[in-house]
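Protein chains: 2
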Amino acid sequence: MRKVYVVGVGYTKIGRLYHRSLKDLFAEAAWKAIEDAGNNMPQALVVGNETSSSLQDQDNLGAYLADYAGLGRIPAFKVEAACGSGGAAFYTAYALVASGLADIVMAAGVEKLSDARSSGTTSALAKAAEADYEAFYGASFTSINALIMHYYMHKYNIDYEYLAEWPVAMHEYASKNPYAHLRFKVTKEKVLSSRIIAYPLRLLDASPISDGAAAVILASEDVARKITDTPIRVAGVGMSTDHIYVAAREKLDTLVATIKAGEQAFKMAKMEPKDMDVLELHDAFSILGLISLEDLGFAEKGKAAKLFSNGAFHLGDKPTVNPSGGLKARGHPVGATGIYQIMEIAMQLRGDFPGVRVSNAEKGLAQSIGGAGTTITITILSR
Amino acid sequence: MRKVYVVGVGYTKIGRLYHRSLKDLFAEAAWKAIEDAGNNMPQALVVGNETSSSLQDQDNLGAYLADYAGLGRIPAFKVEAACGSGGAAFYTAYALVASGLADIVMAAGVEKLSDARSSGTTSALAKAAEADYEAFYGASFTSINALIMHYYMHKYNIDYEYLAEWPVAMHEYASKNPYAHLRFKVTKEKVLSSRIIAYPLRLLDASPISDGAAAVILASEDVARKITDTPIRVAGVGMSTDHIYVAAREKLDTLVATIKAGEQAFKMAKMEPKDMDVLELHDAFSILGLISLEDLGFAEKGKAAKLFSNGAFHLGDKPTVNPSGGLKARGHPVGATGIYQIMEIAMQLRGDFPGVRVSNAEKGLAQSIGGAGTTITITILSR
Numbered sequence: 003m004r005k006v007y008v009v010g011v012g013y014t015k016i017g018r019l020y021h022r023s024l025k026d027l028f029a030e031a032a033w034k035a036i037e038d039a040g041n042n043m044p045q046a047l048v049v050g051n052e053t054s055s056s057l058q059d060q061d062n063l064g065a066y067l068a069d070y071a072g073l074g075r076i077p078a079f080k081v082e083a084a085c086g087s088g089g090a091a092f093y094t095a096y097a098l099v100a101s102g103l104a105d106i107v108m109a110a111g112v113e114k115l116s117d118a119r120s121s122g123t124t125s126a127l128a129k130a131a132e133a134d135y136e137a138f139y140g141a142s143f144t145s146i147n148a149l150i151m152h153y154y155m156h157k158y159n160i161d162y163e164y165l166a167e168w169p170v171a172m173h174e175y176a177s178k179n180p181y182a183h184l185r186f187k188v189t190k191e192k193v194l195s196s197r198i199i200a201y202p203l204r205l206l207d208a209s210p211i212s213d214g215a216a217a218v219i220l221a222s223e224d225v226a227r228k229i230t231d232t233p234i235r236v237a238g239v240g241m242s243t244d245h246i247y248v249a250a251r252e253k254l255d256t257l258v259a260t261i262k263a264g265e266q267a268f269k270m271a272k273m274e275p276k277d278m279d280v281l282e283l284h285d286a287f288s289i290l291g292l293i294s295l296e297d298l299g300f301a302e303k304g305k306a307a308k309l310f311s312n313g314a315f316h317l318g319d320k321p322t323v324n325p326s327g328g329l330k331a332r333g334h335p336v337g338a339t340g341i342y343q344i345m346e347i348a349m350q351l352r353g354d355f356p357g358v359r360v361s362n363a364e365k366g367l368a369q370s371i372g373g374a375g376t377t378i379t380i381t382i383l384s385r
Numbered sequence: 003m004r005k006v007y008v009v010g011v012g013y014t015k016i017g018r019l020y021h022r023s024l025k026d027l028f029a030e031a032a033w034k035a036i037e038d039a040g041n042n043m044p045q046a047l048v049v050g051n052e053t054s055s056s057l058q059d060q061d062n063l064g065a066y067l068a069d070y071a072g073l074g075r076i077p078a079f080k081v082e083a084a085c086g087s088g089g090a091a092f093y094t095a096y097a098l099v100a101s102g103l104a105d106i107v108m109a110a111g112v113e114k115l116s117d118a119r120s121s122g123t124t125s126a127l128a129k130a131a132e133a134d135y136e137a138f139y140g141a142s143f144t145s146i147n148a149l150i151m152h153y154y155m156h157k158y159n160i161d162y163e164y165l166a167e168w169p170v171a172m173h174e175y176a177s178k179n180p181y182a183h184l185r186f187k188v189t190k191e192k193v194l195s196s197r198i199i200a201y202p203l204r205l206l207d208a209s210p211i212s213d214g215a216a217a218v219i220l221a222s223e224d225v226a227r228k229i230t231d232t233p234i235r236v237a238g239v240g241m242s243t244d245h246i247y248v249a250a251r252e253k254l255d256t257l258v259a260t261i262k263a264g265e266q267a268f269k270m271a272k273m274e275p276k277d278m279d280v281l282e283l284h285d286a287f288s289i290l291g292l293i294s295l296e297d298l299g300f301a302e303k304g305k306a307a308k309l310f311s312n313g314a315f316h317l318g319d320k321p322t323v324n325p326s327g328g329l330k331a332r333g334h335p336v337g338a339t340g341i342y343q344i345m346e347i348a349m350q351l352r353g354d355f356p357g358v359r360v361s362n363a364e365k366g367l368a369q370s371i372g373g374a375g376t377t378i379t380i381t382i383l384s385r
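Sequences listed follow chains G and L, in order. Using my numbering, read the first sequence as starting at 3 and increasing by one per residue. Using my numbering, read the second sequence as starting at 3 and increasing by one per residue.
Looking at chain G on its own, in the form it has when it is part of the complex:
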């Protein structure tokens, strides 16, 4: 397999960007990435998106975006894996370069959740759940993740107080991240007293509804060496799926697809969890960040909340988790989130992340989740 490197990154600010369109967001991220890659044009585009068909009435998204952004008549298509679309788009772009089909490829993600045209955002997002047995009965991702959180707290006897540390840390990081969506800090008291939106899950446990776009440019070794002095190696990639209908799963306190995708990525990278300096985990809700730390081998099952509460995984510890602010506070433009995460790890390793930096980070991991743990990708980058 050919070695693959990240040679350029670009992104927009994340937020409720009522004045921006899907294609404008994409074009900004795409051209920033091209500039960052020394103005080298990609030979193909793979774009992750979840809801443009529902909210912008726009399919054929790869060609649509390549056309609008002026990328030329390149191969271009969309990859969809719900909120994990960004990670899946990166996985696909990796395969295009590794196979030799192209030498330089853009993996992008774009999502425009606010200012929806034809149906509600929550309904559009609920299409990532099982239509006949979950969404049809009114289950949303908030309620499904509340079930997971409730089960976890009960099984491991974890007080909510421990879980409330996660949002506090994420908002602290996001306050220093210039492109984050929720840049205000929150206290533990504020989290503990925030509105319950699906028991026991509170408003400040949930990621926001965000708009945004991000792009990374991948290249083969030869091309990467010509483009940049700081190529970041894609050391390992992994992907797995699980029963989409959450009630069909053996366990609620673990996401099996994280374990399996992690095993693939670590094996391919010839690395172990202890080698990681920095992580970007998919904390669409606080509980997912904690469960994912456990599933990836950074904590024993049921222990992550107390460890985190005691200072583990914070800046200065190895690994540091979500110095971007995570989905929780950096924001969650769903199909773009997986690309933001990979881009953030790449910038941490290059040393030019514009927010809180992890010193001398050499290796990092990003996790992208689609649905309630249904489709998961793990990407390991190395300096």
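It cannot be assumed that every hint is accurate.
Stated by the list, open to error - The calculated lysine-lysine pairs, modelled on BS3-like cross-linking and capped at a C-alpha distance of 27 Å, are:
hint: 1; chain 1: G; residue 1: Lys276; chain 2: G; residue 2: Lys320
hint: 2; chain 1: L; residue 1: Lys5; chain 2: G; residue 2: Lys5
hint: 3; chain 1: L; residue 1: Lys308; chain 2: L; residue 2: Lys320
hint: 4; chain 1: G; residue 1: Lys303; chain 2: G; residue 2: Lys272
hint: 5; chain 1: L; residue 1: Lys320; chain 2: L; residue 2: Lys303
hint: 6; chain 1: G; residue 1: Lys272; chain 2: L; residue 2: Lys5
hint: 7; chain 1: G; residue 1: Lys269; chain 2: L; residue 2: Lys5
hint: 8; chain 1: G; residue 1: Lys5; chain 2: L; residue 2: Lys272
hint: 9; chain 1: G; residue 1: Lys192; chain 2: G; residue 2: Lys308
hint: 10; chain 1: L; residue 1: Lys269; chain 2: G; residue 2: Lys5
hint: 11; chain 1: L; residue 1: Lys190; chain 2: L; residue 2: Lys320
Don't read these hints as lab results, they were simulated from the structure.
Could you slot chain L onto chain G? The hints should help.
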């Protein structure tokens, strides 16, 4: 790049399958393909689909289908390129095997256009056009293709009588294809007197609204040799895009993306048009089949209709075009169509196509189009 082979195919009958669900259709095609591949399970699934988000309220489609069909917790995701989703899914699955990320991968397509849940089928399909400047003003693919047809007839002074030969031939082939949607024959008189649906395009120029699923299994050379005595080599793949907004194109009588994707595929295969024995072209409307013959180098511009009318490209000629009956009469379950076409070429080369066979076919080509020529893949297979 690792060599890649088709080692198994599976499909459902195409039609208005009101009693079948999206997942049932997929499962039938998937397990037939697995059986055809000696009961070897795929290590990953790439599925092409256009409208499940609109018509079945179902996203996260890769995981959803892998789960329902019992394929296990494999990497699985959807690729979307409108009606060209099947071809794009194959292109992606090819990259997964060629890169070494997997040794055996299923490329599938599934579409359920009848019995739509939440919005009209024509509106759902129109999302493949440009939302703000085409679909918003009421353009459908019927009207856009009628424009192309009208321009072509005018520019090359082609009477409708010549174009009417295409549907006659396609229905003749489909009448002998056991899984085709429109298995009735039509006379030229019937085509000429069929209802005009968007001048000058008549009802019998248009492909039907179809449900169906198809799957092919791709494998690396080592694995392919173990599985089957008749592996079919994927000799070349190509993909290109064009302006999605048709009015932005320089020409209406040619699909530039066909030319570019064809050049890539022929170059990779080290073959020329004259080497092809059998073609499956994307004739969603008769005019597209004729234009594509020209764009791929099988006829001079403006000449295909008269050549076809005089017997060229029919059974017995080299190449034979659309012995399946084409989208026109085999049917057009949009995101699945590209997989049906590649599967049909593979079966022609293996000698076990269940309909009209091209004798001693050694090389063949399939073309998949998304939108009005916006995203196009070309796949060349070889015995």
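Status of each hint after checking the structure:
Distance check on the hinted pair: Lys276 of chain G and Lys320 of chain G sit about 8 Å apart at the alpha-carbon level, within 27 Å; holds. Between Lys5 of chain L and Lys5 of chain G, the direct Cα distance comes to roughly 18 Å. Compliance with the 27 Å bound is thereby established for this hinted pair. For the hint pairing Lys308 of chain L with Lys320 of chain L, the CA-to-CA distance comes to about 16 Å; that is within 27 Å, so the pair holds. Between Lys303 of chain G and Lys272 of chain G the alpha-carbon distance is near 24 Å, which keeps this suggested pair within the 27 Å criterion.
With a C-alpha separation of about 18 Å, the suggested pairing of Lys320 of chain L with Lys303 of chain L holds against the 27 Å cut-off. For the proposed pair Lys272 of chain G and Lys5 of chain L, the alpha carbon gap of about 26 Å is at most 27 Å, so the pair holds. Between the alpha carbons of Lys269 of chain G and Lys5 of chain L the distance comes to roughly 24 Å, so the proposed pair stays at or under 27 Å and holds. At roughly 26 Å between alpha-carbon atoms, Lys5 of chain G and Lys272 of chain L fall within 27 Å of each other, so this suggested pair holds.
Taking the CA atoms of Lys192 of chain G and Lys308 of chain G, the gap is about 19 Å. The hint holds against a cut of 27 Å. At most 27 Å may separate the alpha-carbon atoms for a hinted pair to count; Lys269 of chain L and Lys5 of chain G meet this at roughly 24 Å. Taken as a hint, the Lys190 of chain L and Lys320 of chain L pair is honoured in the structure, with Cα atoms around 24 Å apart against an allowance of 27 Å.
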